[in-house]
Structure formats: C-alpha cells, structure tokens
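Student: As a plain string of letters, each chain reads:
There are 2 protein chains.
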Amino acid sequence: MKKIINDVEDVLTESLNGFALSHSDILKVNLNPNFITRAKKSKAGKVSLISGGGSGHEPLHGGFVGFGMLDAACPGQIFTSPTPDQMIAASEAVDNGGGILFIVKNYSGDLMNFEMASEMLGMENMTVLVNDDVAVEDSTYTTGRRGVAGTMIVEKVIGSAAEAGASLAQCKELGDHTNKMIASMGIAFTSCTVPAAGKPTFEIAHDEMEIGVGIHGEPGRKREKAKRADEIARDLVDTILEDLKPDNNAEVLLHINGFGGTPLMELYLLFNSAANELEKYKVKIGRSLVGNYTTSLEMAGASITICTLDDTILKHWDSPVHTAALRWGM
Amino acid sequence: MKKIINDVEDVLTESLNGFALSHSDILKVNLNPNFITRAKKSKAGKVSLISGGGSGHEPLHGGFVGFGMLDAACPGQIFTSPTPDQMIAASEAVDNGGGILFIVKNYSGDLMNFEMASEMLGMENMTVLVNDDVAVEDSTYTTGRRGVAGTMIVEKVIGSAAEAGASLAQCKELGDHTNKMIASMGIAFTSCTVPAAGKPTFEIAHDEMEIGVGIHGEPGRKREKAKRADEIARDLVDTILEDLKPDNNAEVLLHINGFGGTPLMELYLLFNSAANELEKYKVKIGRSLVGNYTTSLEMAGASITICTLDDTILKHWDSPVHTAALRWGM
Chain A
243 MKKIINDVED VLTESLNGFA LSHSDILKVN LNPNFITRAK KSKAGKVSLI
293 SGGGSGHEPL HGGFVGFGML DAACPGQIFT SPTPDQMIAA SEAVDNGGGI
343 LFIVKNYSGD LMNFEMASEM LGMENMTVLV NDDVAVEDST YTTGRRGVAG
393 TMIVEKVIGS AAEAGASLAQ CKELGDHTNK MIASMGIAFT SCTVPAAGKP
443 TFEIAHDEME IGVGIHGEPG RKREKAKRAD EIARDLVDTI LEDLKPDNNA
493 EVLLHINGFG GTPLMELYLL FNSAANELEK YKVKIGRSLV GNYTTSLEMA
543 GASITICTLD DTILKHWDSP VHTAALRWGM
Chain B
243 MKKIINDVED VLTESLNGFA LSHSDILKVN LNPNFITRAK KSKAGKVSLI
293 SGGGSGHEPL HGGFVGFGML DAACPGQIFT SPTPDQMIAA SEAVDNGGGI
343 LFIVKNYSGD LMNFEMASEM LGMENMTVLV NDDVAVEDST YTTGRRGVAG
393 TMIVEKVIGS AAEAGASLAQ CKELGDHTNK MIASMGIAFT SCTVPAAGKP
443 TFEIAHDEME IGVGIHGEPG RKREKAKRAD EIARDLVDTI LEDLKPDNNA
493 EVLLHINGFG GTPLMELYLL FNSAANELEK YKVKIGRSLV GNYTTSLEMA
543 GASITICTLD DTILKHWDSP VHTAALRWGM
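Residue numbers (my numbering), protein chains in the order written: chain A, 243 to 572; chain B, 243 to 572.
Read the hints as simulated data drawn from the structure, not as lab findings. Be aware that one or more of the hints could be misleading.
One copy or two, it doesn't matter: identical chains are merged, so the pair holds either way.
Lysine-lysine pairs mimicking DSS-like chemistry, simulated, CA-CA at most 25 Å apart [unchecked claim]:
1. Lys-557 to Lys-285
2. Lys-441 to Lys-467
3. Lys-524 to Lys-270
4. Lys-487 to Lys-464
5. Lys-282 to Lys-464
6. Lys-441 to Lys-244
7. Lys-526 to Lys-270
8. Lys-464 to Lys-244
9. Lys-270 to Lys-282
10. Lys-487 to Lys-282
11. Lys-285 to Lys-441
12. Lys-270 to Lys-522
Only chain A is shown next, with the shape it has when bound in the complex:
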C-alpha cells in the first residue's frame, strides 16, 4: 500500500485538518466528535441541512458544506458510518431554529445511526433517504437500493430551497421528490485500498470490470470482460432510463462521476458516449456535471447519474452555491 499518509489511525484527522485549513473562508472542522460546519452561521429560521457518511468519498459530503447546500457534514472513518453523537453535536452547532433535515444515503449503518440521532435529538427533525443506485435491489451494506452520486444533487436542490426560506416539511418533500427523479449506476476496473485494511477491498482480473459496483467496492450486478466506452454507456444509460422512464424530449441533468482513479479525459469520453445514447431516446441534456464528486478512494471507474429536470429542480440546481467542491453564481 502506497498512500500519502502518516500513521493509519491519523488519516481522517489530518485530512480534515488540511480540509479546514485550505477552505477556512467556507467552513470549519470540529474534532471529537468530527463534524464540518459553515464558517458563517446561516440566517435565523433557516432549515439546517446535515448529511454525513463514511469518509473516502470526498468531496462528498464535506465538500458540499457552504452557502446553498449543507449546513454540516459528519464524516465517519473510511467507509464507516458516522455515529449519533456526531450528528447530535453537528445539529446543535448549526441549529437556526428552523428544524434539522438529515440527508442520508441508504446504507444500513448510516440509516441506523441517523435514526438514533433523530430520536435522541431534542429538536424538530426529518430525514430524506437517498437511494438512487439502480444496480441492485439489496447489497452488502444495504437493504433496498444504495444511495450514491445522486445524493449531491439532492443536497444541492434542498440546499437552495432551504436558503430561499422553505420550511422543514417543504424541504423534506422536495428532497423525497428529487430522489425519485434520480437514478445512477457505475462500473469499476480496479478496487481501492482502505488504509486500515492495507490491501485492496476486492480482487478483479486485469481484463474484467464490475458492473453496478457500489461506492465501497461492494459487488454490483455481474463481473464481465472490460467493455468499450460506448457499451458501458449503453448498459448504464439503458438501465437508468428503464427506471426513470422519462417522457420523450424530457430534459435531464447528466452527471458523469469519477470514482477517484479514472482520468478526466475518460470521464469526458464517457459523457460523449452517454450523450449519444440519450439521443437515441430523444432525451435532452439540459445540465451537465463531469468530475470526481462521489469517489471510492482511488478506485478506477465511473458512474452515470441522470436526474430528470422539472422547473423546480432546475431552478434550485442553477441557484448560487459556494462550497469547496461546487461553486457558481458567487
């Protein structure tokens, strides 16, 4: 294992320290319990949005803390759920009096811990569960579909609504609605290595790919011979559209997400293949996002996320945002 780290047990803390130092205009990091908040508190009465999950998926979620998106993020150890004490401390730190909305990727550990925090929390709160991964119905760490790269879109959309004054119930409803408009699926060529494990999470042959891989390297639908980009795009887009069933001439956000070890050149090439595939369905690309947003450490591979755009989602996607990983309009 070769990694830019010191001692394995300090990886998360030292990485969070660097994150805080390099974005001190946007955010602050609290250690023990670990949580990330905005540098400036939001306005009174605003619903506070909190997400979190295992580390190793950066920039998710800490990179989305800031104006127009999250109020706080709770990073667990690598590929490990954060704990209720983190969620409670984060909630208390960012409470504006408008209630707390948890945005949770559907993994059993995350869900259990956020539910525990929700019950223990002495303030009004609701939860939006994201389950955009159409690859498998149940998985290693999940009952029901997994939450993956579409989570960031849910965070952006609710983040904008909360900033504009939406109530807790309205934010929850918009989050649930947005989640239903999103479907994702990914492939991997290589595994990744969790520092504490010291060896690759899974083995894969030099000429094989995992189709429908999870963002922790957990198995997807099947193992096949590595395919061409156009075939990968067809497999993923077809499966996604079977789920989304967009109308003819529907407008979508097409997000190509790199898992961490795939060059940007290839992500743009996959965008091109996916765009060709969408054209066959007469689906129009209204917005685009290409890059490493929901990663699995250094795993080579990528996922395709498609979000059907309605006027509400489009308005909230386009609104100003100022976070470490997503910034426009300000």
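Since chain A is already given, all that's left is putting chain B on it; use the hints.
Tutor: Chain B in isolation, oriented as in the chain A frame:
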C-alpha cells in the same frame, strides 16, 4: 490496459466532443485542427491568451478556457505537443486585435512548435514560458526546468490582467514576473498508461516513489522507498523554498495538485503536512487550491506548488473566473 475508451485512435476526439457537449455555455471545440475557444468572443482590443500542450493533463489547459483565463487552448495527442497549425488556427479564431500571448510549458517539443507558430503568425504575438518545476535542471523532454502545475496560476493571473485591459507587453511582463514567483515539485507512486502505448510509461516497485517526477511520468531526482506524508511535504517544501527564498512572513498561494490517481483525502492530508512545514519557515498561507488540476492521466502522486503573493498577483488570482475547472466570483 483497462480504460473507458473505444478505439485508441479516437480517444482525444471523443473526449473533446464530451468536453464541448458538457460545457457548451463556456466553450466550443474545433476539430481538425483541434483547438478549444470560449463560447463567446472576448471584447475588441483584449489581448488573446492561448495555451496548449499534450493531452492527458486535464483539466489543463482546456479546462481553463473562459472568462478571466484563456481565450483558447490547443490540445495535442496524449503527452505530445500540439502542432503550429493548431496554434495559428486558434490565434485567428480568437484574435481581438489586441495581439496574441502564447503561454507555453517548457518542453522542447511545445516550445519549438509555439516558436514556429509565432514566426508564421501574421499578427503581433509574444510568449510566456513557464518553468516552475524545481526538481531537475534538464529532463527527458526538456532543456531547462519543466513547466508543471504552476502554469495554471500564470494563466489565471495574466487572464485577469488581460480581461482588465492590460496590453500585450504588460501581459507578457506580468506572466514572466508571475512565473518567477512560482516553484513546484512532485512525487509519484505509480506510473500511468498512455492508451496508444497500452502499457505503463515506467516501472516502479510496490514500495518505491519517484521524487521530482515529471507530469509525463519522466524521471525526477531519485527513486526512494515510499515515505510518510510529512517527509514528502518536507522534501518538497524545503526544495521549493530554497528556490523561492520568500521573506519572513511572506504570504503564499499553496497549491496541492493531484496527478489523477490519488484520492482527495490524501491531497488534503498533504496540504496539512505542507502547512505544518511552511509554519516552520514563518511563511503564511494566503490562498489555497487543492485538487486534480495538472494531471498525468491516472498516475498516483501529487505535487506541491507555491506562489509568492504580491498585491498584483493576489488581485488577479482573486478576480472572477468562469471556466470548466476554475470558477468563482460569477
């Protein structure tokens, strides 16, 4: 070789197509000859900034085309210089009557081709040569120091000045000045694979690192056992500061650049280590940038770039920019 590609000979074209499709609000791509321009022409009289180089370093340079940075970028084949016909066609496409400034990373092939274009071009033009890599004096593809991740800073600073109405001579002078204020050095844990070659550019043992590696995987200073993040940061920062010789309490831009295959978590951890090292020198971090900006396909590793900030550089760094890879203030 497992990559998200179709046929090897179509990688660049298909990637450029995806790039154009996904950023149609910012840029346009011309094929044969290949060059990228802004979607909207700049205002009359503005100096036109053009950069370019081999592909495989994305988002450099195409990701920096847009308001506040480049007017055009000329992508060569992977790790191969673009040709004079690309530079001339790009110049003619983006000419605003204010003259052309070429921003060139110091590699023999790039320099030769940009010089040829400069001589053949029927309009006023100048060149800023970037050579920020302090690892080696001469290298595989270079006489003199290589141009690496600092190039993007030069492009941002001149880009801002050109937008504000600086003349060709002023842009050239500011570019040369900024280049002198920047020093970079990197390390690699793995090689990368150029699709047309089909095998890794170099071999490296499972426990070794290349110190001072170039952005094409070319050799640096030495091959050593893989070190801890703090030692890597010390080696790189010390060498960089020996070159830059900043004053006590100088303010710098600290840029941690990933080569493509290293997780963001590790880049932030390296930022933390580099910040600790800078503190020993009483050097203050005024601005920060962490991420994959000047890559070598999927090479695992990172570089540190430090730019000493004066009022002029700071002003131009902070000014609004709207490109695919760098965006703020708008």
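Student: Starting from the hint list further up, note which numbers the structure goes against and sort them upward.
Tutor: 5, 10, 11
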